[in-house]
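Visitor: Mind docking these for me? Both chains are given alone in their own frames, and the hints should help you get the complex.
Chain order of the listed sequences is F and V.
Residue 1089 in our numbering sits at position 13 of the first sequence, with consecutive numbering throughout.
Residue 94 in our numbering sits at position 28 of the second sequence, with consecutive numbering throughout.
Hints were generated in silico from the structure; no laboratory data involved.
Predicted model, so just to flag it, every value in this text is computed and none were measured.
Treat each hint with caution, since some may be false.
Mimicking DSS-like on lysine-lysine, the simulated pairs with C-alpha atoms at most 30 angstroms apart in a straight line are [claimed, not checked]:
#1 V:K106 to V:K120
#2 F:K1080 to V:K149
#3 F:K1202 to F:K1293
#4 V:K106 to F:K1080
#5 V:K314 to F:K1080
#6 F:K1202 to V:K152
#7 V:K192 to F:K1115
#8 F:K1293 to F:K1142
#9 V:K314 to F:K1293
#10 F:K1233 to F:K1175
#11 F:K1175 to F:K1237
#12 V:K152 to V:K314
#13 V:K106 to F:K1202
#14 V:K106 to V:K314
#15 F:K1108 to V:K152
#16 V:K120 to V:K257
#17 V:K257 to V:K149
#18 F:K1083 to V:K106
#19 V:K152 to F:K1083
#20 F:K1083 to V:K192
#21 F:K1083 to V:K149
#22 F:K1202 to F:K1142
#23 F:K1108 to F:K1142
A few chain F residues that face chain V, going by a derived Cβ cut-off under 8 angstroms, partial list only [as the list claims (entries may be wrong)]:
#24 K1083
#25 T1085
#26 L1185
#27 I1187
#28 W1278
#29 L1282
#30 L1327
Built from N, CA and C at the ideal position, the CB exists for glycine as well.
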Amino acid sequence: MIYKIFKNTLLTIFAVAVLVPSSIVVLGSFKKDVEIYTKPLALPEVWNLDNFRTLIESGSVLTPFKNSVIVALFSVFFTILFASLVAYAIARSVTLSGKVLFGLFAIGLAIPGQVNIIPIFTLFTKLGLNNSLFGLILVNIALTLPISVFIISAFFKDLPKEMFEVASIDGANHWRVYRSIAMPLARPAIGATSIFLFVICWNDLLYPLMLINELDKKTLPLTLIDYRGEFATSYSMLFTAILFASIPMVLMYIFAQRSFIAGLTAGAVKG
Amino acid sequence: MAFPALAIYSFLYLYPALTNLLYATQRWDGVTTPEFVGLKNFTNLLTNDDLFLKILGNNVRFSLIVVVAQTGFALLFATFLLKNTKTNIFLRTVYFFPTILSSVSVGLIWTFLYDPNYGFINATLKAIGLDSLALNWLGDSRYSLYAVAVTQVWFHTGQMVVIYVAGLQQIPAELYEAAEVDGASRWQQFKNVTWPMALPTTAVVVAYTTIQTFRAFDLIYAMTQGGPLNSSDLLVTMVFNTAFVGYKFGYAATQTIFLVLLVLLVTWLQRRVLRVNDGMKK
Chain F
1077 MIYKIFKNTL
1087 LTIFAVAVLV
1097 PSSIVVLGSF
1107 KKDVEIYTKP
1117 LALPEVWNLD
1127 NFRTLIESGS
1137 VLTPFKNSVI
1147 VALFSVFFTI
1157 LFASLVAYAI
1167 ARSVTLSGKV
1177 LFGLFAIGLA
1187 IPGQVNIIPI
1197 FTLFTKLGLN
1207 NSLFGLILVN
1217 IALTLPISVF
1227 IISAFFKDLP
1237 KEMFEVASID
1247 GANHWRVYRS
1257 IAMPLARPAI
1267 GATSIFLFVI
1277 CWNDLLYPLM
1287 LINELDKKTL
1297 PLTLIDYRGE
1307 FATSYSMLFT
1317 AILFASIPMV
1327 LMYIFAQRSF
1337 IAGLTAGAVK
1347 G
Chain V
67 MAFPALAIYS
77 FLYLYPALTN
87 LLYATQRWDG
97 VTTPEFVGLK
107 NFTNLLTNDD
117 LFLKILGNNV
127 RFSLIVVVAQ
137 TGFALLFATF
147 LLKNTKTNIF
157 LRTVYFFPTI
167 LSSVSVGLIW
177 TFLYDPNYGF
187 INATLKAIGL
197 DSLALNWLGD
207 SRYSLYAVAV
217 TQVWFHTGQM
227 VVIYVAGLQQ
237 IPAELYEAAE
247 VDGASRWQQF
257 KNVTWPMALP
267 TTAVVVAYTT
277 IQTFRAFDLI
287 YAMTQGGPLN
297 SSDLLVTMVF
307 NTAFVGYKFG
317 YAATQTIFLV
327 LLVLLVTWLQ
337 RRVLRVNDGM
347 KK
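The shape of chain V in the complex, shown without the other chains (with noise of 0.2 angstroms):
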């Protein structure tokens, strides 16, 4: 019974996976013969690309962004929409609407917003006098990356909240009441009784909103394809990049796997702090 999937997913994914391993010891430009060069390709990532560590640097500086404020925003708002009222339901729907539409259309929403001539933005910010406000949000340097952070907020949020708001009704109202008996206020009951409960489910969001975010690719495609000047590159665009525009195939493996051993170790490092906060509270 396990046949059909065992064979697609043995020919098309762990054997693939294994040729990834080889690729990454060669010089292949995708066209003449590869040429075998050993572990030259990884000492040159790790020690003589600049670009790769921009890249890098980016990257985490985007997940970092978009971790915090994510996972910030969705945790409020669940707490505000705890309760399965009418309103509250109807909010969340509203919340959840974005993560149903494509990476590439929402790209291409935001690069509307954010035109720097005709954009939603601009015009907004003009219109209420904060001219020097109007920046070329995608265009220049200093602010494609934190623009395109913006926009992976708008994008998830709502389906984070969704979760958390799953989470947060597991815990006992008992505690909310014991906690409002003693007279504490709406902060410490925050701090004292649902961040501690919540702690699993923010290891959920938090998990996957960083491995969503190492490999980010649509969004970062449709809105700026890296640029300009690679401020907006992240990894998986990089390897597109190097792949597909630089013709750098044995290079552009050997990025796949540094990419896939550093989602593993970050999901691991996180897995273990947010344990032992756990076990701590506890």
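The shape of chain F in the complex, shown without the other chains (with noise of 0.2 angstroms):
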């Protein structure tokens, strides 16, 4: 009973901490600044899309939601890409190559890439790759390598080996089997490692903040940190941005909610 009255109230206030916080944003974008500060909590007075359409208006935020679409898709796409062809191989090999391969990556993620903060800025700058959605995905690339190519061969490491081997034998030669055999039946592991990779690239801020200072290059959350400074006192417009930035995450939440908690919890289980 009394451990009951206590599982109950406990469960409650957690759950209670999350909706209030998310709430105050959903219903402070209809909301003046005012109404915030006073009834936070209360339904808007009048659903007015003032803050939206001041916003889009504005022209501050279409670009950057532009650039985090361009940075984040090419990164998991490239990133999927070229860390399933090593997890391939690794899986694949029959002698040592592959055990020095997967060592290889080891390393990254053995090693924090911190280190790299001071290194990357120094050579994108030398090469021009600073101010460049380019170079973000290429950063991005770069760093989450390891982790993908780790998770990605674990699954591979899990499928029979007789089903390459026959395939093998039919003729098909490594592209057909990685293109036909491998990749539809990592469908899953693909899936959620895309989602994991995602939020990753969409919420990144310290590379971005590092490389790039051009207005029509930022990215959400640079752009958000400068409303920080630009609308100090308005908290219903932060309040409009953030929730325009985190509808992406929000409705892939919604419509991919296994495999966003699979690549979620995949990711730190992993790492």
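Guide: Below is the structure:
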């Protein structure tokens, strides 16, 4: 009895703690500042879209939104492509080379990516890759390759070897086997890993902050940070921008919840 | 087949990691010619940098608070939400929700909640007559680190709940049945069945959370940028400031090497301790 009260109280408190800030943001994006300060949790007196209109018309979020989409999609696509090719090579190799290859990427798992902050900055400035979305995509690919190779190889390792061997005997070359057998079978793992990578790329602040300062190349997290300064006293605009920046994640969470949770937990467990 | 990945990985991960060692031996402002100073950066960092010691202390405190609180809450909630009933699945989904937001969004939302004048937390405290508790959470150097730690726990507890639920669901039901037959109380069941059986999962959760807290940057940058008076500065924000505010690139490179060694040491120690425990319980 006491246990039940204790349990339900705690569960309710944490659920409220999660839902209250989220509701304040969603409701606040329809309100004026004063209303946010005085009645943060009440329904808006008038549901008006002025904040959204101001935000879109100011032109300051559409470009970052587009940039974030470009960076995240290309980063995820190429990381998955390159990592799955390596994972396939590791899985099919019967010689030592597979182990060496795996070991090489394992080094990247052991050394945290922070050692690369200074060298990446100087290298990219030298190569003129700062202030470029292409540069950000390259950084994302390089930094997420080790973990992606790790997760996808773990999956390939569990596939029955006979599947590959039968196809090879039938005369299919490596490309064919990779494309028609390995990848289709790995779809769940690829899906979960893609979501995990998308979240990392979509949300990253550190590298864009270091590498990007031209306005038309900024990504969403960077723009949100600018907003904090610009609208220092206007939480209604800030909330509207946060809501706008979170839309892709929320939609993915609603429609691909299983892969989403699988991806983010696999990233944690394997990382 | 491995070529594209190898090329990018060697050129943009392994090669930079090596050049970082070189930068660490230089005094360099990022513009003029670098000057070789040998191990001076290392000796300075370890013997002659009070700010570094303060920030290291901050990070250790931050990590301890977050690891203990987050792991504790996650394990507690996971035991509550273990069965796959509709309510439990719904609550797990709600708890997981903050994980999908970006650190920057979470940081900015909590900046509002903590706002001393307009913020939700102080407004609520004043409304129930606790005016004396309505503090300047992020603006006072006595509270800022803890305020940020609370946000971090709010942010990632749900993710850890999901990991724990997956781990705890592997525990054979017979163990609990046997314990119940023996008349074990809920606490005894937790102590003698759940806790030892969950140790491998705890090892994962603790290791991940520790690494996360030593890598924390986005959230701090969005909320306090390390201030006031470096009270909420952590190691990665320190590296960023040393390089991009102070223009001491060589010194910043040295700091990253220290950071990496520290993370490796801590994770190695944790692995040893949790494995030893695991062995003893079995």
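Visitor: Each hint should be assessed against the structure and marked as holding or not.
Guide: Going down the list of hints, with the structure as the test:
{"no.": "1", "hint": "V:K106 to V:K120", "verdict": "20 angstroms, holds"}
{"no.": "2", "hint": "F:K1080 to V:K149", "verdict": "15 angstroms, holds"}
{"no.": "3", "hint": "F:K1202 to F:K1293", "verdict": "18 angstroms, holds"}
{"no.": "4", "hint": "V:K106 to F:K1080", "verdict": "60 angstroms, violated"}
{"no.": "5", "hint": "V:K314 to F:K1080", "verdict": "57 angstroms, violated"}
{"no.": "6", "hint": "F:K1202 to V:K152", "verdict": "56 angstroms, violated"}
{"no.": "7", "hint": "V:K192 to F:K1115", "verdict": "14 angstroms, holds"}
{"no.": "8", "hint": "F:K1293 to F:K1142", "verdict": "10 angstroms, holds"}
{"no.": "9", "hint": "V:K314 to F:K1293", "verdict": "26 angstroms, holds"}
{"no.": "10", "hint": "F:K1233 to F:K1175", "verdict": "13 angstroms, holds"}
{"no.": "11", "hint": "F:K1175 to F:K1237", "verdict": "17 angstroms, holds"}
{"no.": "12", "hint": "V:K152 to V:K314", "verdict": "55 angstroms, violated"}
{"no.": "13", "hint": "V:K106 to F:K1202", "verdict": "26 angstroms, holds"}
{"no.": "14", "hint": "V:K106 to V:K314", "verdict": "13 angstroms, holds"}
{"no.": "15", "hint": "F:K1108 to V:K152", "verdict": "37 angstroms, violated"}
{"no.": "16", "hint": "V:K120 to V:K257", "verdict": "37 angstroms, violated"}
{"no.": "17", "hint": "V:K257 to V:K149", "verdict": "19 angstroms, holds"}
{"no.": "18", "hint": "F:K1083 to V:K106", "verdict": "56 angstroms, violated"}
{"no.": "19", "hint": "V:K152 to F:K1083", "verdict": "17 angstroms, holds"}
{"no.": "20", "hint": "F:K1083 to V:K192", "verdict": "28 angstroms, holds"}
{"no.": "21", "hint": "F:K1083 to V:K149", "verdict": "14 angstroms, holds"}
{"no.": "22", "hint": "F:K1202 to F:K1142", "verdict": "27 angstroms, holds"}
{"no.": "23", "hint": "F:K1108 to F:K1142", "verdict": "27 angstroms, holds"}
{"no.": "24", "hint": "K1083", "verdict": "5 angstroms, holds"}
{"no.": "25", "hint": "T1085", "verdict": "11 angstroms, violated"}
{"no.": "26", "hint": "L1185", "verdict": "11 angstroms, violated"}
{"no.": "27", "hint": "I1187", "verdict": "6 angstroms, holds"}
{"no.": "28", "hint": "W1278", "verdict": "7 angstroms, holds"}
{"no.": "29", "hint": "L1282", "verdict": "5 angstroms, holds"}
{"no.": "30", "hint": "L1327", "verdict": "10 angstroms, violated"}
Figure legend: structure checked against the earlier numbered hints; hints not met, in rising order: 4, 5, 6, 12, 15, 16, 18, 25, 26 and 30.
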